[in-house]
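Going down the list, the sequences are from chains X and W. In this text, residue positions in the first sequence follow my numbering: the first is 346, and each later residue adds one. In this text, residue positions in the second sequence follow my numbering: the first is 346, and each later residue adds one.
Keep in mind that the hints were calculated from the coordinates and are not lab data. Watch out, some of these pointers could steer you wrong.
Chain copies aren't distinguished; within one or between two, either way the pair holds.
Here are the simulated SDA-like pairs of lysine to any residue, each with C-alpha atoms no more than 20 angstroms apart in a straight line [to be verified]:
(1) Lys576 to Leu537
(2) Lys409 to Ala381
(3) Lys375 to His560
(4) Lys375 to Asp416
(5) Lys375 to Ser559
(6) Lys511 to Glu581
(7) Lys432 to Gly468
(8) Lys368 to Ser557
(9) Lys549 to Gln577
(10) Lys385 to Gly578
(11) Lys576 to Leu596
(12) Lys550 to Gln577
(13) Lys498 to Glu558
(14) Lys511 to Gln577
There are 2 protein chains.
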Amino acid sequence: MLSQNKIKHLRSLGLKKNRIKEKKIILDGKRLIDEAINHKVKIEYIWINESLKTNEKDDLFINKIKNNKIDFSYEKEKDIKKISNTKNSQGIIGLMSIDNFYNEDLKNFGNQIIILDQISDPGNLGTIVRTCAWFGVHSVILSENSADIFNDKCVRSSVGGHFFLKNLTYLSYDEINNFISSNHFLTLCADLNGDEIGIKNIQKKWALILGSESHGVSNKINFDKKITIAKQGEMESLNVSVATGIILNELIN
Amino acid sequence: MLSQNKIKHLRSLGLKKNRIKEKKIILDGKRLIDEAINHKVKIEYIWINESLKTNEKDDLFINKIKNNKIDFSYEKEKDIKKISNTKNSQGIIGLMSIDNFYNEDLKNFGNQIIILDQISDPGNLGTIVRTCAWFGVHSVILSENSADIFNDKCVRSSVGGHFFLKNLTYLSYDEINNFISSNHFLTLCADLNGDEIGIKNIQKKWALILGSESHGVSNKINFDKKITIAKQGEMESLNVSVATGIILNELIN
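Please take these sequences and the hints and turn them into a complete structure.
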């Protein structure tokens, strides 16, 4: 049973500092938890609204939980609501370890990297993670002043894209610059005033840098080339996750 | 001064049925209102938090309002908050007529059209409008069961993209099919199981059809060709506004 202390603890994971300290997050909803299990992500516990209790033998989801040896229990609806991040909880909440996502060893980051600078909107950040997963880009570096990639809104927006991340780290601007120069990445900075993309299937190792919609990419990050998406209309800017999709499609497809 | 009746009336525009009946919406925030004025959109009135009152002679925004002969008044903060759509109102609210955006005369819809079917998330819908504005696509047809394109969240997500719309209409599936067939559009349907895009700079008149993330495009809409965005990863789907951006970039740039 969910004790008041446990509820308090789970609710505390709503704060970035607690998620980072404990390396754990709440997964809200059956679909996300199901995806996490498919990806062999470590789920520590699952709480289920008791009103969803069925004949367990016939319940595919419950059988999946049991087959993967994940502890679970049925709880009162009011307690489930207390630990849910969403207004309309589906009644199934998981506790997931995010320890394995962080990789401090930059040697494993591969040849295609996304660097996100000061992306503050968690919905945009989640949509970028989803887009990276679509294009098979599994390494993400965030500048230290970005939103938390495990913010619950970000996790919801990515609809499971997080589970494809293989390498994830937060770096300072100096660390980013050291990494990209010492590893000879072609560094492309998405900018409203760059050259039109014009890069198809580049063979070289590349790092694509995207900045916040309000501030762009910090001038403290070094790069080789500014690229921009050709504009036919008069609109000032594109949404950053849309821009990510367009550039990745050009780079990869 | 904002009377209680006026406040009640303005708040009633939070509902789609009232926006459609009155052909008016609330614009929330200085930036949106400023953009609307630049686009010569009809603003009926502007209410400003009295705490923002300055020496009017030196206030560029106030001068712009006056030069465009828009009525305005200063109001108590508590009244401004009552008519604001957002939690953190910037204290400047406009009432805008949307009558001119609707165009029943399909003859003027031009050669590049977006058809949106059952897009229910207003944030996605707004980002699509913004993306269309970037690519110079000014004609949008919505199926009758789509979200309201003048929902306040949609207007905020498009950050002014709405003001570039020249032709906008809601049509039934029969009307959509009649329109695209009798006008010889090449109709492209974005789908997870189509041919990879492979269409660059097509010269023909085209209509791009996008559906909701959960239901796709209804099979009641006729089309010539299913197109899809090549996937390198294992992710199930892309966000619909990201997909719109990628396909428009291929079609137009």
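Right, here's what the structure says about each hint:
no., hint, verdict
1, Lys576 to Leu537, "within (9 angstroms within a copy, 26 angstroms between copies)"
2, Lys409 to Ala381, "within (12 angstroms within a copy, 53 angstroms between copies)"
3, Lys375 to His560, "between (37 angstroms within a copy, 19 angstroms between copies)"
4, Lys375 to Asp416, "within (15 angstroms within a copy, 52 angstroms between copies)"
5, Lys375 to Ser559, "between (35 angstroms within a copy, 16 angstroms between copies)"
6, Lys511 to Glu581, "between (34 angstroms within a copy, 17 angstroms between copies)"
7, Lys432 to Gly468, "both (16 angstroms within a copy, 17 angstroms between copies)"
8, Lys368 to Ser557, "neither (26 angstroms within a copy, 34 angstroms between copies)"
9, Lys549 to Gln577, "between (30 angstroms within a copy, 17 angstroms between copies)"
10, Lys385 to Gly578, "between (45 angstroms within a copy, 17 angstroms between copies)"
11, Lys576 to Leu596, "both (18 angstroms within a copy, 13 angstroms between copies)"
12, Lys550 to Gln577, "between (30 angstroms within a copy, 17 angstroms between copies)"
13, Lys498 to Glu558, "both (18 angstroms within a copy, 18 angstroms between copies)"
14, Lys511 to Gln577, "between (37 angstroms within a copy, 15 angstroms between copies)"
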